[in-house]
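Protein chains: 2
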Amino acid sequence: MNIGFIGFGNVSKKLAGLMDENAILTSKEGRSENTVRNIDESKATVLDSFEEVARKSDILISAASPGESVKIAEKYGKLTKGIYLDLNNISPKTAIEISDKVNNFADAAIIGGINRDFTLFLAGENSKSLKFLDKYFPVKIVSNNIGDASRLKMLRSIYTKSISAVLMEVMEVAESLNLKDELMDTIAISEGENFKDSAISRIKNTKNSSKRKKEELAEILEYFPNENLEMVEAALKKLSDI
Amino acid sequence: MNIGFIGFGNVSKKLAGLMDENAILTSKEGRSENTVRNIDESKATVLDSFEEVARKSDILISAASPGESVKIAEKYGKLTKGIYLDLNNISPKTAIEISDKVNNFADAAIIGGINRDFTLFLAGENSKSLKFLDKYFPVKIVSNNIGDASRLKMLRSIYTKSISAVLMEVMEVAESLNLKDELMDTIAISEGENFKDSAISRIKNTKNSSKRKKEELAEILEYFPNENLEMVEAALKKLSDI
Numbered sequence: 055m056n057i058g059f060i061g062f063g064n065v066s067k068k069l070a071g072l073m074d075e076n077a078i079l080t081s082k083e084g085r086s087e088n089t090v091r092n093i094d095e096s097k098a099t100v101l102d103s104f105e106e107v108a109r110k111s112d113i114l115i116s117a118a119s120p121g122e123s124v125k126i127a128e129k130y131g132k133l134t135k136g137i138y139l140d141l142n143n144i145s146p147k148t149a150i151e152i153s154d155k156v157n158n159f160a161d162a163a164i165i166g167g168i169n170r171d172f173t174l175f176l177a178g179e180n181s182k183s184l185k186f187l188d189k190y191f192p193v194k195i196v197s198n199n200i201g202d203a204s205r206l207k208m209l210r211s212i213y214t215k216s217i218s219a220v221l222m223e224v225m226e227v228a229e230s231l232n233l234k235d236e237l238m239d240t241i242a243i244s245e246g247e248n249f250k251d252s253a254i255s256r257i258k259n260t261k262n263s264s265k266r267k268k269e270e271l272a273e274i275l276e277y278f279p280n281e282n283l284e285m286v287e288a289a290l291k292k293l294s295d296i
Numbered sequence: 055m056n057i058g059f060i061g062f063g064n065v066s067k068k069l070a071g072l073m074d075e076n077a078i079l080t081s082k083e084g085r086s087e088n089t090v091r092n093i094d095e096s097k098a099t100v101l102d103s104f105e106e107v108a109r110k111s112d113i114l115i116s117a118a119s120p121g122e123s124v125k126i127a128e129k130y131g132k133l134t135k136g137i138y139l140d141l142n143n144i145s146p147k148t149a150i151e152i153s154d155k156v157n158n159f160a161d162a163a164i165i166g167g168i169n170r171d172f173t174l175f176l177a178g179e180n181s182k183s184l185k186f187l188d189k190y191f192p193v194k195i196v197s198n199n200i201g202d203a204s205r206l207k208m209l210r211s212i213y214t215k216s217i218s219a220v221l222m223e224v225m226e227v228a229e230s231l232n233l234k235d236e237l238m239d240t241i242a243i244s245e246g247e248n249f250k251d252s253a254i255s256r257i258k259n260t261k262n263s264s265k266r267k268k269e270e271l272a273e274i275l276e277y278f279p280n281e282n283l284e285m286v287e288a289a290l291k292k293l294s295d296i
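One line per chain: the protein sequences are A and B, in this order.
For the working numbering, add 54 to where a residue sits in the first sequence, where the first one is 1.
For the working numbering, add 54 to where a residue sits in the second sequence, where the first one is 1.
Just so you know, the hints here were simulated from the structure itself, not pulled from any lab data.
It is possible that some hints are incorrect.
[To be verified] If we take Cβ atoms under 7 Å as the criterion, some of the chain A residues that face chain B in the derived model are: (1) E236; (2) T240; (3) I257; (4) K261; (5) E284.
Here a beta-carbon is modelled for each residue, glycine too, at the ideal position from N, C-alpha and C.
Construct the complete structure from the given sequences, taking the supplied hints into account.
This is the structure in structure tokens:
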């Protein structure tokens, strides 16, 4: 089976490595130095153009950047007769838009860290024929509705970002009372030993990428205008305080 | 050693049972039918009055109800030469108030469920002489500052109540998208197998006692007027929507 990649960043590199008993196709056409290095380190067959990659692929994976996803679908996605997967962390709205442009779209989202534990969530009619990928990594089919994989990722993001905001808030108060370690210990009683490390890494992570996380929270509020998202709104305010 | 109890509800019953190699003292003076049954089921020595309990105790534990804590301290706490513990879930302010009324106050808070895993947190100079109680159940000394045990409990309450509000919010959206089970599964990837049961029980618990939890959140906001508690404020709003 031919599995083509448009874009060869961390996600593509990892997935290509896990699936390399298949023929991995990609191209260096217009790619950055980093990407070319990733390709050289992989077992990918390098074709002259992404057009050729698209035409030869049984599965075509777009993993470049969210901003390019629609353009890539228009330019290459419509050329493939295979199944088209978009792993650009797109919104449910964009997933539906792209599914109209390509032949066999499967809605997809990677949940978890690509270099730790991740699961590939799939949605839509075409996802059934991708079930065999669970030989290589965990795969879950969410539903037949295009957009549900990205919706699920969005919901998970409501959870993780709001939790990080709660942690930031309570740890700040605890610090001012000189009770930070003690609080970590008392929460660990119910949340388990792992709590402390996970809390510290969540707070650090949120502070380091607060701009992007604020954008994602704003997107969530925009996507669900009719829900009472008080906690998401407060998390956005909290991140704006940083 | 004589350990006296004023009030003999669930907390006292449990602690008395765990410590009953000591002499457990209490009184039925003015107590309810339920309390009298708890006393009869325990190994407590029943004295005629709480005054007598107070005078004979090396450790005197007040565990009746938060509203009565100051009154009990004034009436009986000042009679004891032993260490006085208040387990009425009092605020840090009340802890300081009571410590002025009794001879040897130790600030105390039970964190966790009394019938599951709990730890007795202690603060203040007198807590050192209670360290031996860790023969019977987990004990942690927080600091020498009266109020820190209750402050710690309050901080933990910020965490647990805000987390419950986040769970309520995200599960409501997930339900409207028909993705509730799927969301539980995706969060469990990072939070562990236990996540689903814990989330369901937190949401149920919050809905069942939303009135009390709202009061506790309002108390927290009142106690920390100068902190930016956006998540706590949002949690209070969320609970008001129930």
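Now for the hints, and whether the structure bears them out:
1. Restraint check, A/E236 versus chain B: the minimum CB separation of about 5 Å is within 7 Å; hint holds.
2. The beta carbon of A/T240 comes within 5 Å of a beta carbon in chain B, closer than 7 Å, and the hint placing it at the interface holds.
3. Taken as an interface hint, A/I257 does not check out: its beta carbon lies about 13 Å from the nearest beta carbon of chain B, beyond 7 Å.
4. Against a cut-off of 7 Å between C-beta atoms, the interface hint on A/K261 is violated, since the closest Cβ of chain B lies about 15 Å away.
5. The interface hint given for A/E284 is met, as the beta carbon of that residue sits about 4 Å from the closest beta carbon of chain B, less than 7 Å.
This entry does not satisfy hints 3 and 4, going by the numbered hints stated previously.
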